[in-house]
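The chain contents come next:
Number of protein chains: 2
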Amino acid sequence: MALTPELTARLKRNPDGLVPAVVADATSGAVLMMAWMDDEALDRTLTTRKATYWSRSRNEYWVKGETSGHTQHVREVRLDCDGDTLLLKVDQTGGACHTGDATCFDADLLLGEEDA
Amino acid sequence: MALTPELTARLKRNPDGLVPAVVADATSGAVLMMAWMDDEALDRTLTTRKATYWSRSRNEYWVKGETSGHTQHVREVRLDCDGDTLLLKVDQTGGACHTGDATCFDADLLLGEEDA
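Chains as they are written, first to last, in full-length UniProt numbering: chain A, 1 to 116; chain B, 1 to 116.
No false leads were mixed into what you were given.
Okay, the calculated beta carbon distance ranges per label pair:
(1) A:67 / B:67: 41 to 49 angstroms
(2) B:50 / A:15: 26 to 34 angstroms
(3) B:91 / A:47: 33 to 41 angstroms
(4) B:71 / A:16: 30 to 38 angstroms
(5) B:4 / A:73: 37 to 45 angstroms
(6) B:48 / A:108: 17 to 25 angstroms
(7) B:109 / A:55: 20 to 28 angstroms
(8) B:114 / A:39: 21 to 29 angstroms
(9) A:47 / B:50: 38 to 46 angstroms
Short, incomplete list of chain A residues facing chain B, as computed with Cβ under 10 angstroms:
(10) 24
(11) 25
(12) 49
(13) 87
No wet-lab data here; the hints were simulated from the structure.
Yeah, the Cβ is synthetic: ideal placement off N, Cα and C, and Gly gets one too.
Construct the entire structure; sequences and hints are all you get.
What follows is the structure, encoded as structure tokens:
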């Protein structure tokens, strides 16, 4: 059990029992996506190093890439100063986004550089 | 008004009317912190380029660095493929974390590199 009682006590979950996980590429540093974990998803991620989330739309655990092949091998997991946000650094195979884009933030620029 | 009706319609908010904003350093790419925005905070951020969040603990708008001097000048704002997460790329002055750390994820490593 990677999720120790000590860690369990420190995690701050939302009313649905979930913690947001920011996922960044371990090599480039690019922010790839955000997803959600409950305690079990975090435990599976820490234990297997396969990024595992809770799908709020499908109400099930979701091993990233299990269907698409676009897996995430987890190099690091960090918890923030408030205990309410996780940061994963991963080796991403293929595009991280279900659209095929490299990241989930590629397509929709709301505000660009001032001199753009 | 930077927050157009078209954008307002695309944003997906949580039950409290908030959207998570992942904040990354525009130069290094490092993930600095996560915070929350309502429509007004996003509008102010887009308009002023000063990162402005909704403080869930203090129930008020919070211009990052207004007290600490550790400001965030916003270079880019992106919305993810689901319309429910924002990514800000900022020029960070001083440490992003209220603890003084460079990022809110510096202090608490849950899982490290395999060969560490």
